[in-house]
Amino acid sequence: MLATKVIMDQGVHVEGINFFTGFCVEGHTHAIRKKDQSKPKRNNALWVAEQLGIKLHIVDVIEDYKNVVLNPKHGYGSNLNPCLDCKGFMVAEATKWIKANNFDFIITGEVIGQRPMSQRRDTMPVIQRESGAGDLLLRPLCAKLLPPTLPEQEAWVDREKLFDFSGRSRKPQMALAKKLNISDYAQPAGGCCFLTDQAYSHKLADLWQARGKRDYEIDDIMLLKVGRHLRPKDNFKLIISREEGETHFLEGYRKQFVHLRATSHTGPLALMDGSYSDEDLTLAARLVARFGQGRDADLVEVEINLVDGGKQQLSVPPLKSEEIPTDWYL
Amino acid sequence: MSHHILDARRILCPMPVIKTQDLVATLAPGDTVEVICTDPGATNDVPAWSRINGHKVLNIIKENNEYIIHIEVVELESQS
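Those sequence lines, one after another, are chains Z and R.
My numbering puts the first residue of the first sequence at 1, with every later residue one more than the last.
My numbering puts the first residue of the second sequence at 331, with every later residue one more than the last.
Just so you know, the hints here were simulated from the structure itself, not pulled from any lab data.
Glycine included, each C-beta is placed from N, C-alpha and C at the ideal position.
Treat each hint with caution, since some may be false.
Pulled a few chain R residues facing chain Z out of the computed Cβ check, cut under 10 Å [said to hold, decoys possible]:
#1 R340
#2 I341
#3 L342
#4 C343
#5 M345
#6 K349
#7 Q351
#8 D352
#9 T368
#10 G371
#11 W379
#12 N383
#13 G384
#14 K386
#15 N389
#16 V404
Bound-form chain R, shown alone:
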């Protein structure tokens, strides 16, 4: 199990979601990802994407003007 940090600062949705989706596709179950964003919309979209694909949102933290979304990969991301 490994922990990954994804810098999604200063990009607007859906780019944080696309970057999360592309990273998670390379990870294994149990791996965790910390998505750091500045677009507040990402705090809805990244969790929504995670729920749809069966991954677990551990927490969402706001620090200054940044949002940190922690995700645990629950199943290997497959295309179907």
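The shape of chain Z in the complex, shown without the other chains:
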């Protein structure tokens, strides 16, 4: 937002590009859960574009991004976050976009030293080189600490009006925001990608292990954001809704998965992901019974809906808390 405003204030026409990878965290991603529905339901990129009065182009890169997640040349951060490859990929995509749409250069809000992987003094030139952007990539907030780029050399922008911010502190940015009369802005400290989340990364790694291959579809990565995930056996896991909002969301997947729900008591909806035997269905039903209002009953009626449209009704004793090993929880 700041970098854009700084460049716009020099009279340059700016439009935004936002890449959707499938792993983006937004306020309303969380708002699937009813208890979180008071959280702001806004897409920050759209919101920022509207505040600045610029167009925003949202680009679906889900398919192409898979290679970044599955085969990061520069490896992962502390979880499954391939930050350096990710930044290189996005700048490369932006480079293609500006060439296709007759724009002259790219700006980002990067600051040297702000992030441990992708915004270090030694990795920022890597992004510039590997993305193919070269000197078309201008970082207005730390430009004075970097060699002049083409827009500076050609005087399309005045380098003297750019900045020399560095380090993890956001204080210089906050001071600049105040000077530019920007009082409301999106979260300033990352956390916008599920791949940086330890629990999410664990569930993704489990999915790859269970399927015997490192791959995913968009539905896989969406479902990892929702519900309680338990893997009682290598061949299947259960995704169990924790409340009404999640139940509504999981209902959208009923045709793709075996799904279970207690009929004698109020309870969650559960999707079964993987292969199963009759014994597995009983175990799954006992688990689903455990997480509903019938958890203390002797028997709970559970309806199992198969993908082929068939139905089974089981009467099962709910699993007791101590019968569920902690390592079943993903």
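Keeping the supplied structure of chain Z fixed, place chain R upon it in accordance with the hints.
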């Protein structure tokens, strides 16, 4: 002028916005689009995208667990 229905049910934002953006790019001024969504976030994001790009949001209707956003294409969507 033509009317189009976009089924954006059971997908989360920003996918309803991306689908709207991609459809509108193929339409002419005066065409209308009815975006049917289940993600309540779309009721903020699709109108925000429409405003940014100069299109008119005619109304937003909630029916059961679905949201229907009516948009009129005001200008040809261009990339710049």
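Verification of the hints:
| no. | hint | result |
| --- | --- | --- |
| 1 | R340 | holds, 4 Å |
| 2 | I341 | holds, 9 Å |
| 3 | L342 | holds, 6 Å |
| 4 | C343 | holds, 6 Å |
| 5 | M345 | holds, 7 Å |
| 6 | K349 | holds, 9 Å |
| 7 | Q351 | holds, 6 Å |
| 8 | D352 | holds, 8 Å |
| 9 | T368 | holds, 7 Å |
| 10 | G371 | holds, 3 Å |
| 11 | W379 | holds, 6 Å |
| 12 | N383 | holds, 6 Å |
| 13 | G384 | holds, 9 Å |
| 14 | K386 | violated, 15 Å |
| 15 | N389 | violated, 18 Å |
| 16 | V404 | violated, 14 Å |
Hints 14, 15, 16, counting from the list given before, are not met by this structure.
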